[in-house]
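Residue numbers 1 to 216, in my numbering, belong to the letters of the sequence shown in order.
Accuracy of the hints is not assured; some may be wrong.
Okay, the calculated beta carbon distance ranges per label pair [unchecked claim]:
1. Gly65 to Asp181: 36 to 42 Å
2. Asp201 to Gln166: 35 to 41 Å
3. Asp64 to Gly129: 17 to 23 Å
4. Val178 to Gly94: 39 to 45 Å
5. Ser85 to Gln174: 41 to 47 Å
6. Tyr171 to Gly94: 37 to 43 Å
7. Gln166 to Asn193: 36 to 42 Å
8. Asp99 to Ser161: 18 to 24 Å
9. Arg62 to Ser93: 35 to 41 Å
Cut-off 27 Å, straight-line C-alpha distance, at most; resulting in silico cross-link-like pairs (BS3-like, lysine-lysine) [claimed, not checked]:
10. Lys76 to Lys211
11. Lys187 to Lys124
12. Lys211 to Lys169
13. Lys211 to Lys75
14. Lys121 to Lys169
Think of the hints as simulated: they come from the structure by calculation, not from any bench.
Think of the CB as a built atom: it goes at the ideal place given N, C-alpha and C, for glycine as much as any other residue.
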Amino acid sequence: MTKHPPNALPSFAAHMEEKTLIQILQNTDAYTATGSPSYVSPKAVSQLIPPRAAVCAPLLFREDGWHLLYEVRSKKLSMQPGDISFPGGHTESGERSRDTVIRELQEELLISRDQITLLKKLPKLIGPGGAIVTPYIGMLHQYDGSFDHSESAHIFTVPLSVLLSQEPKVYLSQNSRVLPDSFPFDKIQGGKNYPYLMPADEIRFYEYQDKVIWGF
Numbered sequence: 001m002t003k004h005p006p007n008a009l010p011s012f013a014a015h016m017e018e019k020t021l022i023q024i025l026q027n028t029d030a031y032t033a034t035g036s037p038s039y040v041s042p043k044a045v046s047q048l049i050p051p052r053a054a055v056c057a058p059l060l061f062r063e064d065g066w067h068l069l070y071e072v073r074s075k076k077l078s079m080q081p082g083d084i085s086f087p088g089g090h091t092e093s094g095e096r097s098r099d100t101v102i103r104e105l106q107e108e109l110l111i112s113r114d115q116i117t118l119l120k121k122l123p124k125l126i127g128p129g130g131a132i133v134t135p136y137i138g139m140l141h142q143y144d145g146s147f148d149h150s151e152s153a154h155i156f157t158v159p160l161s162v163l164l165s166q167e168p169k170v171y172l173s174q175n176s177r178v179l180p181d182s183f184p185f186d187k188i189q190g191g192k193n194y195p196y197l198m199p200a201d202e203i204r205f206y207e208y209q210d211k212v213i214w215g216f
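Sequences are here, hints too, so could you generate the full structure?
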């Protein structure tokens, strides 16, 4: 048996890895050739990695108890204009998720670092656009209601007690595949009744005053 250096792929396996990667990329604009079919640009590799993002559910204390802060996104934004959301955004290269959250809170709410305490990191989620989202629960100190008007139309808060006591309306969203009429159903087990694995999402709706808060 041929021995290979520790942590090194055999040359044949390495070749197959490269060949497979090239096959994936060759039909996309991400693939760049430089005269050698074994070359894959760093940009191409980066485009295979799902984008990352981080958001924060910010708590602040008021006379009637703890509140959650929400933003209403500006209608001038290209993505999800007018939606209700938490502060957050895409994670930049070399940035940790907690750094993303702190940066976005400062930018979107016009606050300083010492006004933010991150309390808990929650399990990662897959966003509707495929991004890997890391959510946090945080706390704001001495917040006076400031926000960046270029990103948010306005902000509002909801008493945590209201959200905890309200049973949300839950709707199930299920993706479906549309197959052509020429699809050979007769050649697969079960035919048209084959149990395709379809990802399903629960969409929850909460209502508070004139606001409808919903999401996956």
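Hints broken by the structure, by number, lowest first?
-> 1, 2, 3, 5, 8 and 11
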